[in-house]
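Asks: Listed in order, the protein sequences are those of chains B and A. For this note's numbering, count along the first sequence from 1 and bump the result up by 7. For this note's numbering, count along the second sequence from 1 and bump the result up by 11.
Hints listed in this document are in silico derivations from the structure and should not be mistaken for laboratory results. A hint or two may mislead.
[What the hints assert, rightly or not] Quick partial rundown of chain B residues pointing at chain A, CB under 8 Å, derived from the structure: (1) Ile25; (2) Pro31; (3) Gly36; (4) Leu94; (5) Ala95.
Even glycine gets a Cβ: it sits at the ideal position worked out from N, Cα and C.
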Amino acid sequence: MTDARAATAEPRAAPAAIDAARLPHVGWGPAAAVWWAVWSLITIEGTVFVLLVTVYVYLRGIATAWPPEGIRLPGLAGSTANVLLLLASVVPTVGAHRAALRRDRRATTHYLVVATVLSLGTIALRGVELAQLHVRWDGHAYGSIVWTILGTHLSHLVASTLEDVLLCLLMRFGPLEDRHYVDVTVSALYWYFVVAAWIPLYLLVYWLPRAG
Amino acid sequence: MVAHLHYVLIGGAVFPLLGALWYWLPKMSGRLMPEPAGRASVALLVAGFHLTFFPMHQLGLEGMPRRVFTYGRDTGWAGLNLVATGGAFVILAGLLVYVAGLAWGLRRGRLAGPDPWGADTLEWATASPPPSYNHAPLPAVTSRHPLWAPAATTVTGIRSEVREILVTTAGHAAPSHRQVLDGPAVAPLLLSAAVTATLVGVVFTPWAIVWGSPLCFAALTLWFWP
Chain B
8 MTDARAATAE
18 PRAAPAAIDA
28 ARLPHVGWGP
38 AAAVWWAVWS
48 LITIEGTVFV
58 LLVTVYVYLR
68 GIATAWPPEG
78 IRLPGLAGST
88 ANVLLLLASV
98 VPTVGAHRAA
108 LRRDRRATTH
118 YLVVATVLSL
128 GTIALRGVEL
138 AQLHVRWDGH
148 AYGSIVWTIL
158 GTHLSHLVAS
168 TLEDVLLCLL
178 MRFGPLEDRH
188 YVDVTVSALY
198 WYFVVAAWIP
208 LYLLVYWLPR
218 AG
Chain A
12 MVAHLHYVLI
22 GGAVFPLLGA
32 LWYWLPKMSG
42 RLMPEPAGRA
52 SVALLVAGFH
62 LTFFPMHQLG
72 LEGMPRRVFT
82 YGRDTGWAGL
92 NLVATGGAFV
102 ILAGLLVYVA
112 GLAWGLRRGR
122 LAGPDPWGAD
132 TLEWATASPP
142 PSYNHAPLPA
152 VTSRHPLWAP
162 AATTVTGIRS
172 EVREILVTTA
182 GHAAPSHRQV
192 LDGPAVAPLL
202 LSAAVTATLV
212 GVVFTPWAIV
222 WGSPLCFAAL
232 TLWFWP
């Protein structure tokens with residue numbers, strides 16, 4: 008076969024090289040590996056939330072009373088305040104996202120600090136929410152699923168906040184490279200997901216029982 | 012049932028595996044497998060395969076269930092089962108020829124050279140067996156048959172003194188940027204240890220989450236920090 012190929016193949020012309028030396032050292036958006044990583048994480052965790060919703064609706068469907076007799080409805084004050092705070096936190100996150108895209112260290116740092124403070128506030132308010140559930144996690148299947156939903160989402164709030172704290176410290180004190188701005192943009196992407204995922208969960212946990 | 016299953020599994024998975032090994036071993040080992048053994052094993056395997064499993068279609072139609080070790084003389088299944096048993100020995104012979112061919116080829120086969128098949132794909136552009144860096148310089152692929160294309164384009168400008176790789180766009184594979192990969196580091200090992208300790212810990216107590224997650228976070232931070 009080697010002979011047959013040698014007879015038919017064109018003589019190879021001198022290769023026209025692609026010069027990669029001029030290419031940048033970072034890729035943004037879909038060109039960055041972390042962008043795919045964060046979207047994969049969002050896909051996985053989004054599926055977890057869908058499963059939690061399914062479990063909640065299933066348990067509610069086979070229960071005689073929801074919440075069970077003697078358990079008050081979950082409190083609206085802390086939870087609604089937290090939804091508003093979560094929505095507000097998107098504003099500085101978008102600010103940090105945009106500042107990172109233009110590699111503005113000062114603006115990125117400022118927006119990140121505000122976003123971090125707000126996300127710390129959402130964690131504190133989540134504590135209030137848990138106290139206003141009026142049920143223990145081991146008291147009833149109802150208690151288990153609402154604690155699991157709030158707790159799973161809380162773990163995302165904590166993870167994202169810790170990430171923000173790290174990025175703040177890096178922006179302020181660290182030896183900064185361009186790829187860290189990419190980290191800020193995908194970290195913002197993750198926070199949008201954490202906020203967006205909470206809206207249906209909030210309606211489910213706090214309003215579905217009230218709708219009857 | 013048994014007939015259909017084996018037609019699918021052997022035809023769909025075993026034959027391709029045997030063929031692929033024969034095809035790519037010259038790239039891995041640098042030596043060609045002996046052609047006569049290849050042809051003989053294909054003939055024996057294909058013939059033995061049909062001899063073994065084709066009669067089972069008919070046996071199934073005649074009502075023979077699977078996984079029985081014996082059956083009555085009056086069923087009339089003996090002839091076809093004898094053929095199937097004979098076929099199994101033909102398969103065995105084919106496999107023995109195949110393995111013997113491999114053993115011979117790996118030791119004494121003709122030197123393969125980079126592209127013994129006149130193939131079209133990139134692995135055949137480099138030496139057999141390939142050097143650790145695979146290609147020097149990096150080839151750029153502009154066609155589905157890069158080795159049959161009239162001219163090969165290459166990529167230059169990737170540094171070799173650091174761990175630098177070329178990243179391309181996902182859809183069109185256009186050069187996007189050069190990513191510098193991290194060197195050897197202890198943080199990934201620490202993270203693995205922290206995750207392992209946490210997961211083993213939760214088997215015994217839920218409090219492992221409480222002390223385990225800060226450990227994991229510390230290792231991640233160490234990894235992340237420039």
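Asks: Which hints, by number, does the structure contradict?
Replies: 3, 4, 5
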